[in-house]
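**Student:** Spelled out from the first residue to the last, the chains are:
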Amino acid sequence: MNHMRVATWLVAAFLVAACGSSGGGGGGTNSYSGKTIKLGAVLSITGAGGVYGPQSRDGAMLAVKQINASGGVNGAKIELTVEDDASDKAQSAQKAQTLIQSNQVMAVLGPTLSNSAVAVHPLAESLKTPILAVSTTGIHIVPDCKFPETAACKFVFRDSLGEQTAIPDNIKAYSDDAHPKTGVLLVAQDDKFSSDGGKIVQQTVATHNIQLLQTIPFSKNDADLAPYVTQAVRLKPDVIFITSLGGIPAKIMSAARNQGWQGQFLGGNGFNTATVSKQAGAAGKGARSASAWYIGNDFASNKDFVDAYKKEYGKDPDQFAAQGFTGVQILADAAKRANLTFSDLAGDREKLRGAMESVNIQTPLGPFQFTSDHDVKQTVWIIQMDGQGGFTLVKKIDAS
Amino acid sequence: MDFFIQLFSDPIGFWNSHTLLISQIGINGIVATSMFLVLYSGQLSLAAPGFMAIGAYTSVLMELYWHTPVVLNVAVAVILAGIVGLLVGLPVLRLRGVFLAIATIGFVEALRLGVILNVPITGEGLGLQHEADPLGGVPIILVSLVMVVFVVWRLTKGRLGSAWSAIRQDEIAALSQGIHVARYKMIAFILSALIASYAGALEAHLNFFVDPGDSQYGVTRAVQILTFAVLGGTGFVIGPVVGALIVTLLPYIFEGAGDYINIIAGIFLIAVIIFRPQGIVGRGGLAIVRPAWWPRSRARAPSPG
Amino acid sequence: MDQQILNAIFIGSIYALFAVGYTLVFGILDILNLAHSAVFMLGAALTYSLVVNHGQPFWIAALLGIAASALMGLVIEHVCLRPLRRRHAPPIAALISTIGLALVIVAAVEQGKSGSLFSWLWVDGANSVAFPAGTVPNPTWHIGDLTLEASKVLIIPISIALMLILGYVMRFTQVGRGLRAVAENPRAARLMGLDVDRMISLTLVISSALGGLAGILFGLALGDISPYIGRDNVEVRGLAVIVLGGMGSIPGAVIGGYLLGLIEILALVTFGSNARGGVAFAALFLMLVLRPQGLFGTRLRERI
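Just so you know, the sequences run in chain order C, H and U.
Per the numbering used here, the first sequence starts with residue 1036, numbered consecutively.
Per the numbering used here, the second sequence starts with residue 11, numbered consecutively.
Per the numbering used here, the third sequence starts with residue 120, numbered consecutively.
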């Protein structure tokens, strides 16, 4: 069976449906043929976030390629420019400004790290450009991108399942299974993603009668984690919570196992790539986390995605690739319905923003919609590392 | 090359869409000038990022907790940095050359890792978020840059400048001429602290955040600022500013090279220090300190290139 | 004995081994070689690459890694130092040119990705990797409450042996005497027929080989290799160590290394894990202010 054909049918079906619904009134034929929809992406291709950024990019580029190959968006081609922010906040903001004001893109994807989003999202908001986060999962991303200001940011969206949902779901799932009594939290305090995750852990454990014996903060740049792990292991907790990203989770897990600790590792999004599972190896077996996506998930739109990705890049996609792919799908769908003029950039960005709010499509993440806070509404997958570089599914939690 | 094409063909548009970049150049220029001051007086101090941090955190914290006007916040931040500069300078300025450099690095990292990362009010590892106007700061920053450079330039023309030059060339000789070396060094150190903290405060208001990372207020930043001064040259006040301009623009100038930018920057640095140690702008060169066995008379010979 | 004390000793050995290279160059040349931390990283990165990307057994890879680091010492001398000596530049210039070289080395490894210019050296870009389990036999022994990993335990005798050998060479061999003569007074040494340039090259070679070895051991025992391990972990701590021990003193570097490891763990245990980072610098600062020559250094020649 030709998967491209299936994809083409799906896109064609969308187009027909979209054309059908925009029928009579204002927009008329809504044909964009010959036009270019310029999109930008600020991702961490290098630096600490480089473990995640390239996959987001690959997923996004694949979506662009597929959409362009099957007629584009109502005939318009998508042009995606990807900039690397080297996992640095300041560069992230500068590149975003260039994309928005120099390249005059209609919308931006990214940035990769929650740390950088703090700088980039408020900027996009001031410049009234829609920005769609495809991997940031920290708190205060949406809707309060300018925290501590509480005003909702109208132009900021995300398709990446937040830790606020993921971590409590994960803890609940394990707690229901095993009823742990005590835990220790290891958190990289100079990293927003990790620190946010830590806060969420602290807020959630009480609900499940888990006593948090100690919170052990450390610096993300510190390579020698043994003393921190020793402190944790010494307390003999049932669970060790690890909310960091990059190479840190694997090191903590190896060190803890080496020091003789046998308990359960519970983590956040930082666990969810093959790289981390491979690095952790046998030490990580059974380590659990909640994921926005699971390679074996049975949504039809996912199977097509996985096959296309494997064909294009020769390797399996991961959660970040899926979210990047979905990001472009969301923008394309919104663009289709937004009645873009291609001559009034500010107006088009506002229309695009409005159209995004009503997105409702099939993606590799499953059926996808935004909440009223521009946050994610989707299925959650509880996964665990299999000790050999992959993951197995523990449980599926449907969107509430 | 697109970068330059836009710069020359559509300067207004260029200006509007690169405000963040222009602002950053301005700030880098101001802090480079603070570096000029210490190098001009013969001190290899790498303390600038520490004072920038004091400037940034103090002004933002005041804004978040006391809601005082920006001007007051910045003023207080700068004064505080001056006081810290005095306190740090007292024990540290009697160290020579490399030892001073190491001590100032120690100060910077002790401040960053020891204080900022551990005191809850600073937001610790995450830094602080606050209201900012990233796009409106350019006029203030550029005007500040011009003023700072002008003031420092006037200083170098006066008595302070002559004393500093004398100290830089030969501390012992200067002492024997009756120059109160310790006092003049301290003045330069404190002034550079004031300037650096001002730059830090401005930078904090440029961005929505204050972040204690290494590339903001750590050794990496110190090296970057040193690079501004070396590349630009410390013979003229404007030298380090030119250095700052070039280094900040490097990723844009070499857009084709993209990834290899840092390699090029490093090679540049080595090449400049070997073949043109007086920097791009010029004269004098770095005559800071040398061990007893390096022949002094040779050092007075006309510089190469 | 407490596990944390063990942790302190292990990391202290790495600090000590690294600092010996630093202090050697400073003692003999009066120069702070800031490319040393880059060589540390390079040794680790190259060894990792040889094992994982080129399929070499670890022992061969490590030897090659050390050799490459030693070679890097020659590069430092010929590219950064000799041209400046010829031009009678002040030592700050050497400081800056070694900073430049460090930038180049780190950036080159950072750019090591499949398809790039540097993919023979490294393909993991800016990521952090570790030697795959089983690269070297690494049994873990449990004695009472303590956990001892072979790779960590081995660092101690290796470091100490090397430092003893170096000490012996410096004191009792002709080469060592030559090096000390250069440290004392290069002009006199040259007048007496010593090839000063060659002595300096030798210094850099030994120092860099030690630095690279420290990096390899670090990568192996701590399971972390990335372009940034030098900058983040040892670059500034190395400075703290040589200041504590006395700049130019080899025994000082050794004792300083272990001392720093212990101070860090002490701070961690007493004040919380946050305190670990800042303590090194507080110690550094205090030492410079109170006793700049460190524990074992000679009194500074010039003081104002």
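In short, the hints are calculated from the structure, not lab data.
Check each hint, because a few of them may be wrong.
In the BS3-like style, the derived pairs of lysine-lysine whose C-alpha atoms are separated by at most 27 Å in a straight line are [said to hold, decoys possible]:
{"hint": "1", "chain 1": "C", "residue 1": "K1163", "chain 2": "C", "residue 2": "K1189"}
{"hint": "2", "chain 1": "C", "residue 1": "K1350", "chain 2": "C", "residue 2": "K1386"}
{"hint": "3", "chain 1": "C", "residue 1": "K1431", "chain 2": "U", "residue 2": "K232"}
{"hint": "4", "chain 1": "C", "residue 1": "K1216", "chain 2": "U", "residue 2": "K232"}
{"hint": "5", "chain 1": "C", "residue 1": "K1346", "chain 2": "C", "residue 2": "K1386"}
{"hint": "6", "chain 1": "C", "residue 1": "K1412", "chain 2": "C", "residue 2": "K1207"}
{"hint": "7", "chain 1": "U", "residue 1": "K232", "chain 2": "C", "residue 2": "K1350"}
{"hint": "8", "chain 1": "C", "residue 1": "K1345", "chain 2": "C", "residue 2": "K1112"}
{"hint": "9", "chain 1": "C", "residue 1": "K1189", "chain 2": "C", "residue 2": "K1216"}
{"hint": "10", "chain 1": "C", "residue 1": "K1313", "chain 2": "C", "residue 2": "K1386"}
{"hint": "11", "chain 1": "C", "residue 1": "K1346", "chain 2": "C", "residue 2": "K1100"}
{"hint": "12", "chain 1": "C", "residue 1": "K1338", "chain 2": "C", "residue 2": "K1271"}
{"hint": "13", "chain 1": "C", "residue 1": "K1345", "chain 2": "U", "residue 2": "K232"}
{"hint": "14", "chain 1": "C", "residue 1": "K1216", "chain 2": "C", "residue 2": "K1346"}
{"hint": "15", "chain 1": "C", "residue 1": "K1412", "chain 2": "U", "residue 2": "K232"}
**Student:** Taking the hints in turn, state whether each one holds.
**Tutor:** Each hint, compared with the structure:
1. K1163/C - K1189/C: Holds, at roughly 8 Å.
2. K1350/C - K1386/C: Judged against 27 Å, a Cα distance of about 37 Å means the pair is violated.
3. K1431/C - K232/U: 36 Å, violated
4. K1216/C - K232/U: Outside the cut-off at roughly 45 Å; violated.
5. K1346/C - K1386/C: 35 Å, violated
6. K1412/C - K1207/C: 19 Å, holds
7. K232/U - K1350/C: 17 Å, holds
8. K1345/C - K1112/C: 24 Å, holds
9. K1189/C - K1216/C: 42 Å, violated
10. K1313/C - K1386/C: With a Cα-Cα distance of about 44 Å, the restraint between K1313/C and K1386/C is violated, given a limit of 27 Å.
11. K1346/C - K1100/C: 13 Å, holds
12. K1338/C - K1271/C: 43 Å, violated
13. K1345/C - K232/U: Roughly 20 Å between the alpha carbons, so the hint for K1345/C and K232/U holds.
14. K1216/C - K1346/C: This hinted pair is violated, its Cα atoms lying about 46 Å apart.
15. K1412/C - K232/U: 36 Å, violated
Hints 2, 3, 4, 5, 9, 10, 12, 14 and 15 from the list above are not met by this structure, while the remaining hints are.
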